[in-house]
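**Q** Next come the chains, spelled out residue by residue.
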Amino acid sequence: MAELEDIYQEVILEHAKSPRNFRVLEGTSQQAEGFNPLCGDKCKVYIAMDGDRIQDISFQATGCAISRASGSMMTQALKGKTAAEADEIFRSFHRMVRGENGKEDPADLGKLGAFAGVAGFPARVKCATLAWHTLEAALHGQHDPVTTE
Amino acid sequence: MTAHATVTPLRRDPAKTSFDVEKIRADFPILRERIHGHPLVYLDNAATTQKPEAVIEAIANYYRHNNSNIHRGVHELSQRATEEYEAARARVQSFLHARESREIVFVRGATEAINLVVQTRGRANVGPGDEVLITAMEHHSNIVPWQMLCDEKGAALSVAPITDSGELLLDELESLLKPRTKIVAIPHVSNALGTVNPVKEIVRMARAQGVLVLVDGAQAAPHMPVDVQDLDCDFYAISGHKIYGPTGIGVLYGKARLLESMPPYQGGGDMISSVTFEKTIYNKLPYKFEAGTPDIAGVIGLGAAINYIDAIGMSAIAAHEHDLLEYATREVAAIPGVHVIGTAHQKAGVLSFTIDGIHPHDIGTILDREGIAVRTGHHCAQPVMDRFGIPATARASFAVYNTREEIDALVRGIEKVKEILG
Numbered sequence: 001m002a003e004l005e006d007i008y009q010e011v012i013l014e015h016a017k018s019p020r021n022f023r024v025l026e027g028t029s030q031q032a033e034g035f036n037p038l039c040g041d042k043c044k045v046y047i048a049m050d051g052d053r054i055q056d057i058s059f060q061a062t063g064c065a066i067s068r069a070s071g072s073m074m075t076q077a078l079k080g081k082t083a084a085e086a087d088e089i090f091r092s093f094h095r096m097v098r099g100e101n102g103k104e105d106p107a108d109l110g111k112l113g114a115f116a117g118v119a120g121f122p123a124r125v126k127c128a129t130l131a132w133h134t135l136e137a138a139l140h141g142q143h144d145p146v147t148t149e
Numbered sequence: 150m151t152a153h154a155t156v157t158p159l160r161r162d163p164a165k166t167s168f169d170v171e172k173i174r175a176d177f178p179i180l181r182e183r184i185h186g187h188p189l190v191y192l193d194n195a196a197t198t199q200k201p202e203a204v205i206e207a208i209a210n211y212y213r214h215n216n217s218n219i220h221r222g223v224h225e226l227s228q229r230a231t232e233e234y235e236a237a238r239a240r241v242q243s244f245l246h247a248r249e250s251r252e253i254v255f256v257r258g259a260t261e262a263i264n265l266v267v268q269t270r271g272r273a274n275v276g277p278g279d280e281v282l283i284t285a286m287e288h289h290s291n292i293v294p295w296q297m298l299c300d301e302k303g304a305a306l307s308v309a310p311i312t313d314s315g316e317l318l319l320d321e322l323e324s325l326l327k328p329r330t331k332i333v334a335i336p337h338v339s340n341a342l343g344t345v346n347p348v349k350e351i352v353r354m355a356r357a358q359g360v361l362v363l364v365d366g367a368q369a370a371p372h373m374p375v376d377v378q379d380l381d382c383d384f385y386a387i388s389g390h391k392i393y394g395p396t397g398i399g400v401l402y403g404k405a406r407l408l409e410s411m412p413p414y415q416g417g418g419d420m421i422s423s424v425t426f427e428k429t430i431y432n433k434l435p436y437k438f439e440a441g442t443p444d445i446a447g448v449i450g451l452g453a454a455i456n457y458i459d460a461i462g463m464s465a466i467a468a469h470e471h472d473l474l475e476y477a478t479r480e481v482a483a484i485p486g487v488h489v490i491g492t493a494h495q496k497a498g499v500l501s502f503t504i505d506g507i508h509p510h511d512i513g514t515i516l517d518r519e520g521i522a523v524r525t526g527h528h529c530a531q532p533v534m535d536r537f538g539i540p541a542t543a544r545a546s547f548a549v550y551n552t553r554e555e556i557d558a559l560v561r562g563i564e565k566v567k568e569i570l571g
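Heads up: the protein sequence lines correspond to chains A and B, in order.
Under the numbering used here, the residue at position 139 of the first sequence is numbered 139, and the numbers go up by one with no gaps.
The number in the numbering used here is simply the position in the second sequence, starting from 1, with 149 added.
I should point out that these hints are in silico values taken from the structure, not numbers from a laboratory.
All figures in this text were calculated on a predicted structure; none of them were measured in a lab.
Worth double-checking, as some hints may not be accurate.
Stated by the list, open to error - 20 Å max Cα-Cα, derived SDA-like pairs, lysine to any residue:
1) B:Lys567 / A:Gln9
2) A:Lys42 / B:Thr503
3) A:Lys17 / B:Asp300
4) A:Lys17 / B:Asp535
5) A:Lys44 / B:Glu568
6) A:Lys42 / A:Gln60
7) B:Lys565 / A:Lys44
8) A:Lys17 / B:His289
9) A:Lys42 / B:Ile569
10) A:Lys17 / B:Lys567
11) B:Lys567 / A:Lys44
12) B:Lys567 / A:Tyr8
13) A:Lys17 / B:Cys529
14) A:Lys42 / B:His289
15) A:Lys42 / B:Pro485
16) B:Lys565 / B:Pro485
17) A:Lys42 / B:Lys565
18) A:Lys44 / B:Asp535
19) B:Lys567 / A:Met49
20) A:Lys42 / B:Lys567
21) A:Lys17 / B:Glu568
22) B:Lys567 / A:Leu13
23) B:Lys565 / A:Glu5
24) B:Lys565 / A:Asp6
25) A:Lys42 / B:Glu568
26) B:Lys565 / A:Gln60
27) B:Lys565 / A:Leu4
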């Protein structure tokens with residue numbers, strides 16, 4: 001059985017308390033808004049691109065520990081990555097939190113591997129992916145707010 | 150078509166006071182479930198209540214022995230099914246203290262009951278420049294259908310405000326009753342805050358202006374005796390699954406005079422008297438509003454649920470739940486960092502709370518691991534959350550089978566939440 005410690009890992013709790021890059025990114029129009037209509041959680045992701053590369057990234061959110069930590073650690077993981085690399089990391093992350101990662105090792109995702117425990121809490125997958133869905137919208141210029149539904 | 154069932158309202162015994170919660174718990178098989186290794190502590194009753202054996206058995210019995218379509222066959226099974234179905238209508242009539250059984254319309258739930266009124270009375274009577282008045286404590290089901298109607302008709306939706314404790318500002322509500330107000334829609338009990346609204350007084354105010362009143366009774370019917378004649382409301386909506394009955398069945402009560410004047414909701418079989426390609430003559434009440442084969446098993450299950458409630462006595466249930474709510478409020482509010490949302494003088498069934506610095510979702514996940522089921526989120530009442538400036542709450546809601554020991558478990562669970570996330 002999945003234990004609480006699997007999901008509320010120390011690194012997750014720490015990021016939830018003090019999320020990094022938790023601010024509006026000035027001087028960029030590349031941003032998107034995401035909602036989880038079931039719980040009312042909201043997220044905004046801002047990115048500044050340098051060519052194809054994410055030069056800076058920030059987010060703001062109201063939500064649970066999982067969604068805040070996920071947004072925080074996402075911004076850290078993606079700074080300096082190309083759009084294609086970000087897409088690939090998102091796909092791996094998504095497979096991991098849904099428990100579909102098969103042969104992949106959560107360790108390949110670095111610090112983001114801490115979210116592997118979410119797979120044992122299916123009701124919380126949407127919390128862990130809200131910031132990522134919002135990022136995808138910001139990255140690919142989708143202007144309507146995204147939802148996790 | 151059979152005639153209405155002859156109605157003999159059930160005799161109620163208000164003096165019934167013997168209340169044995171352990172005996173009641175034994176009637177609910179699901180309460181023997183273990184969740185993550187703990188006994189189930191089910192405190193999500195405002196979302197849906199659990200079902201007693203009598204309800205489960207009534208549904209199974211119908212499918213095993215009496216399954217047939219109603220109101221049509223001359224054969225024995227159809228007779229039995231029709232009798233059971235109409236007997237349930239009589240139970241509901243008695244439960245809501247309606248004057249006539251034809252004032253009881255079976256629908257899918259309180260949501261459909263409200264939509265029925267919106268789509269019939271609303272569409273026929275609300276026009277450009279008219280107003281519909283609701284309150285700041287509605288469930289989405291008593292907002293969105295009216296909003297859709299107002300958008301379609303060019304009418305305005307006005308909202309009566311509430312206080313910080315979650316009570317309606319009655320003076321403000323009265324001043325919002327304008328000459329163009331066509332209908333007032335209010336909850337009897339707020340699902341997010343637990344506030345019991347003074348429905349009788351609001352009906353009196355609306356009546357003075359000639360305005361109709363629809364009451365969303367989904368959260369009241371489980372917790373208190375409801376007398377629609379005493380309230381004098383025009384419409385009253387309830388959900389079967391919140392009063393120990395099955396999902397997918399609900400009731401719209403409407404005054405016969407109004408229901409008769411309203412156009413049908415859906416067209417189809419059973420709602421007609423005669424059909425030709427030129428003209429259809431609609432059936433009489435309540436069948437005019439029950440097109441198609443209804444949820445027969447659901448209706449029979451609802452009848453069994455009301456029998457079950459009657460056998461305990463609604464006054465006894467209300468007293469037990471009031472004790473639980475008072476105890477829970479005292480114990481939970483005493484935990485440092487916990488804030489009770491909704492502190493009206495008159496409350497029923499619901500304890501909404503927040504914990505400083507901890508999101509309700511995390512509260513819900515940790516309590517779940519202790520076997521405690523609560524609802525977390527906006528409770529389909531986002532404007533209520535906005536009113537209190539919070540994204541969400543955790544909500545414990547009580548039913549006849551809950552105990553003080555379960556509230557103690559909730560308190561221990563909240564302590565654990567604080568330990569992990571505090």
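**Q** Against each hint, give a clear statement of whether it holds in the structure.
**A** Comparing the hints with the structure gives:
Distance check on the hinted pair: B:Lys567 and A:Gln9 sit about 15 Å apart at the alpha-carbon level, within 20 Å; holds. Straight-line distance between C-alpha atoms of A:Lys42 and B:Thr503 comes to about 18 Å, which keeps the hinted pair within the 20 Å bound. Proximity of A:Lys17 to B:Asp300 is assessed by CA-CA distance (about 43 Å); at most 20 Å being required, the pair is judged violated. Distance check on the hinted pair: A:Lys17 and B:Asp535 sit about 23 Å apart at the alpha-carbon level, beyond 20 Å; violated.
The hinted pair formed by A:Lys44 and B:Glu568 fails the criterion: a straight-line CA distance of about 30 Å is larger than 20 Å. Of the supplied pair hints, the one linking A:Lys42 and A:Gln60 holds, its CA atoms being roughly 8 Å apart against a limit of 20 Å. With a C-alpha separation of about 31 Å, the suggested pair B:Lys565 and A:Lys44 falls outside the 20 Å cut-off, and the hint is violated. The hinted pair formed by A:Lys17 and B:His289 fails the criterion: a straight-line CA distance of about 32 Å is larger than 20 Å.
Distance check on the hinted pair: A:Lys42 and B:Ile569 sit about 24 Å apart at the alpha-carbon level, beyond 20 Å; violated. About 13 Å separates the Cα atoms of A:Lys17 and B:Lys567, which keeps this hinted pair within 20 Å; it holds. For the proposed pair B:Lys567 and A:Lys44, the alpha carbon gap of about 28 Å is over 20 Å, so the pair is violated. Pair hint B:Lys567 plus A:Tyr8 holds up; C-alpha atoms about 13 Å apart against a cutoff of 20 Å.
Taking the CA atoms of A:Lys17 and B:Cys529, the gap is about 27 Å. The hint is violated against a cut of 20 Å. Taking the CA atoms of A:Lys42 and B:His289, the gap is near 19 Å; set against the 20 Å cutoff, the hint holds. Only pairs whose Cα atoms come within 20 Å are accepted, and A:Lys42 paired with B:Pro485 is rejected, the gap being roughly 27 Å. Under the criterion of a C-alpha separation no larger than 20 Å, the hint pairing B:Lys565 with B:Pro485 is consistent with the structure, at around 13 Å.
Taking the CA atoms of A:Lys42 and B:Lys565, the gap is near 27 Å; set against the 20 Å cutoff, the hint is violated. Proposed proximity of A:Lys44 and B:Asp535 is supported: the alpha carbons are some 19 Å apart, at most 20 Å. A distance of roughly 40 Å separates the Cα atoms of B:Lys567 and A:Met49; the hinted pair therefore is violated under the 20 Å criterion. Proximity of A:Lys42 to B:Lys567 is assessed by CA-CA distance (about 24 Å); at most 20 Å being required, the pair is judged violated.
Pair hint A:Lys17 plus B:Glu568 holds up; C-alpha atoms about 14 Å apart against a cutoff of 20 Å. Between B:Lys567 and A:Leu13 the alpha-carbon distance is near 12 Å, which keeps this suggested pair within the 20 Å criterion. With a C-alpha separation of about 13 Å, the suggested pairing of B:Lys565 with A:Glu5 holds against the 20 Å cut-off. This hinted pair checks out: B:Lys565 and A:Asp6 have alpha carbons roughly 16 Å apart, not beyond 20 Å.
Pair hint A:Lys42 plus B:Glu568 does not hold up; C-alpha atoms about 26 Å apart against a cutoff of 20 Å. With a C-alpha separation of about 28 Å, the suggested pairing of B:Lys565 with A:Gln60 is violated against the 20 Å cut-off. As the CA atoms of B:Lys565 and A:Leu4 are separated by approximately 11 Å, the hinted pair is consistent with the 20 Å bound.
In the structure shown, a violation is registered for the earlier hints numbered 3, 4, 5, 7, 8, 9, 11, 13, 15, 17, 19, 20, 25, 26, in ascending order.
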